[in-house]
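Asker: Here is what each chain is made of, one letter per residue.
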Amino acid sequence: MSVATRPARVIELAARGHRSIPVLVVLVIIWTVFYSRSSAYLSFQNITNLTLQIATTAILALGVVFVLLVGEIDLSSAVLSGVCAAVAAGLAVNGGLPLPLAIMAAIAAGMAITFVEALVIAFGVPSLIVTLGGMVILQGLILVVLPPEFTVSLGGTSFARIASTAVPAGISYLLAAVATLVFAGYRLFQHRERRSTGTRTSVATVLVPAVVVAVVLFGGVFTLTRQRGLPMPVLIVAVMLLIAWYFTTQTRYGIHLYAVGGDREAAQRAGVPVRRMVIYSFLILGACAAIAGMVDASRQLGVSVTSGAGPLMLNAIAAAVVGGTSLFGGRGSIWSAILGALVIGSISNGVQLLGLTTEVQYFATGAVLIIAVAVDVVLTRGSLLPGRR
Amino acid sequence: MTTLLELTKISKHFGGVRALHEVDLQVDSGEVVALIGDNGAGKSTLVKVVSGVESPDTGEIRVRGRNARLVSPRAAAEAGIRTVFQDLSLCDNLDAVQNLFLGQERHGSIWNGRRIRRHVMEEQAQRILESLSVKLRSLSTPVVALSGGQRQGIAIGRALISDPAVVVLDEPTAALGVSQRGEVLDLIQRLREQDRGVVVVSHDMKDVRQVADRVVVLRLGAKVAEFRRDEYRLPDLVSAMTGADEGNVDEGNVDGGADR
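Chains A and B supply the protein sequences, listed in that same order.
As numbered in my numbering, residues 1 to 389 make up the first sequence, in order.
As numbered in my numbering, residues 1001 to 1260 make up the second sequence, in order.
It is worth saying that the hints were derived from the structure and are not from the lab.
Keep in mind that this is a model prediction, so the values were computed, not measured.
Heads up, some of the hints might be wrong.
Stated by the list, open to error - Stretches of chain B that chain A covers, calculated by requiring three or more beta carbons in the stretch to come under 8 Å of a beta carbon on chain A:
1) 1053-1061
2) 1120-1128
Unchecked claim - Ranges of calculated distance between the beta carbons of each label pair, as one might list FRET restraints:
3) VAL120(A) <-> GLY1040(B): 37 to 43 Å
4) SER1131(B) <-> GLY133(A): 51 to 57 Å
5) GLY124(A) <-> LYS1135(B): 51 to 57 Å
6) SER43(A) <-> GLU1130(B): 53 to 59 Å
As the list claims (entries may be wrong) - Calculated Cβ distances over 10 Å to all of chain B for the following chain A residues:
7) TYR35
8) LEU42
9) LEU119
10) LEU207
11) VAL215
12) LEU217
13) PHE222
14) ILE236
15) PHE247
16) ALA266
17) ALA270
18) VAL272
19) VAL351
20) GLY355
21) ALA367
Glycine included, every Cβ here is placed at the ideal spot set by N, Cα and C.
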């Protein structure tokens, strides 16, 4: 047991949310390197571009985090995002359905498809295989869903406004202020709850997080409203993260989610509905995939057979893992989706800005991914050496 | 002293294999009963019957004097029997409070998304761990970082959340170092002081000697001997378990089992 104490300390710190710190350090290093090569890298305009570029990856990665947390994997959600975008675009542009209805229909379609996948997985087929097959089937399905010319153009439609809308600076600051106040109020409420039962607590548990949140929110709004106002996709990501944070950290659902990923049998014995938790995770992934697909289509001003293809799937999984969510289940947080997407997006953005060749981008992204998984293995097993425990 | 758990003529077959044959077992409040036996003696089967994992073919189970049908672990828990299995069934990535209350969380209504009432759980966790003299640096440390003794404490603490009459411990000291073994034996002592009935399955004679008020020896699915504390020497246990010396076994039966 004494052999295990040192790694155990590391795991303890990592599991308490300090796992975001290495990612933040990596992010600062990446930014410093690119900024030293080109001062345009950290200009307000480029940072705004970066947030728009990573929005799709971040939203999809958020769904992937939920699936990774219960110890499963998904390979089909990127193509699914293309299918859902095709459904929404077809209904809204070609079918003339009001945009909100088309959006709801696309989200419902995404959840229905991941629900079917989750049912097969619940029967015991490995998720790797189910979603690999699902990916191929969905590549066929997108051909069915798209009209005969295999593209839907979204230029000038209401659909295009999802990504192009900018929230005016005034309203953005107001939103940041409201969010900060609600958060601080919630922490204060918890502080008083704890004090009512005589649990050790201090005002610092309210003030420190509140100040951090205020700095992040107001700093973000300040940076991102320099151009035209806060880009709508950024707001969408922020709202999704907020909801995900609440449910994963403050509710019974969150505890069960982590329990299933930590030790499935122990969770089952304690009465946690394991299969239902796995299905929930895939439903969330389906909704995230649909939203990611629509945001992406709106930004690209079109849907085609290549929607959701390319590096999106690997980027989303890489983002979740680089951000600190374990491939082995039960460890990580929803913040890894945004942090990992930032790391991967920052690399490709910088490479493009400096006019470096594409292979540099692939090398750097791949290396970061492998290092991140190595860190994950060390934290899970306590050592990188084979055969030790 | 009241009788908390009473098994009468419990038999269980798996196919043609006789796992248990007309086993009687009685546990009183504030009493620690050790269940020992060689591999395949029927200890695990008996634990499974008591914890609701397996149903006996024939026989009667009474908890606090009432007939109980332990058809599932949940039914056993509701009847007042909690079992701590050898692997402890803890989620390594969760902290002490989350593990203690896993599956029995205190939470709000559907309207706030079943928000966890963490402060209530922490307060109860504190009380339960104190009652077992388990000391943790922090309640929010993932249990993977805790010692074997502390983990055992949390697993037993979890069993106490629903205030059971009988706690069954399956090999609680196996795979533990000397000092942690001492901790676990102290935990068992605490359970006895709380006037619960405790069943300890063990193969460690020294532990049994130290902690058990009564020792029940199983061999080939049948109860072959029963000793009260200080009525036996270690060789008596060994010969009863192995059946090496029939004379000793019979003596044990007369000494400990005659009144039942």
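Asker: Work down the list of hints and note, for each, if the structure agrees.
Answerer: Going down the list of hints, with the structure as the test:
1. 1053-1061: violated (count 0)
2. 1120-1128: With 4 residues closer than 8 Å to chain A, the stretch 1120-1128 of chain B meets the three-residue bar; holds.
3. VAL120(A) <-> GLY1040(B): 37 to 43 Å: For GLY1040(B) against VAL120(A), whose Cβ atoms are near 39 Å apart, the range 37 to 43 Å holds.
4. SER1131(B) <-> GLY133(A): 51 to 57 Å: holds (53 Å)
5. GLY124(A) <-> LYS1135(B): 51 to 57 Å: Between GLY124(A) and LYS1135(B), where Cβ atoms are some 42 Å apart, the hint is violated.
6. SER43(A) <-> GLU1130(B): 53 to 59 Å: Since SER43(A) and GLU1130(B) have Cβ atoms about 58 Å apart, the given range 53 to 59 Å holds.
7. TYR35: holds (37 Å)
8. LEU42: About 37 Å separates LEU42(A) from the closest Cβ of chain B, which puts it past 10 Å; holds.
9. LEU119: Its Cβ never comes within 10 Å of chain B, the nearest being 24 Å, so this holds.
10. LEU207: LEU207(A) is indeed farther than 10 Å from all Cβ atoms of chain B, at 19 Å.
11. VAL215: holds (25 Å)
12. LEU217: The assertion about LEU217(A) holds, with a minimum of 22 Å to chain B.
13. PHE222: holds (32 Å)
14. ILE236: With a cut-off of 10 Å, ILE236(A) remains clear of chain B, as the shortest Cβ separation is near 20 Å.
15. PHE247: violated (6 Å)
16. ALA266: violated (4 Å)
17. ALA270: violated (4 Å)
18. VAL272: VAL272(A) not clear of chain B: closest Cβ-Cβ about 6 Å, inside 10 Å.
19. VAL351: For VAL351(A), whose nearest Cβ neighbour in chain B is about 36 Å away, the distance exceeds 10 Å, so it holds.
20. GLY355: Answer for GLY355(A): holds, closest chain B Cβ roughly 44 Å.
21. ALA367: Per Cβ check, ALA367(A) is outside 10 Å of chain B; nearest 28 Å; holds.
Hint violations for this structure: numbers 1, 5, 15, 16, 17 and 18, all remaining hints satisfied.
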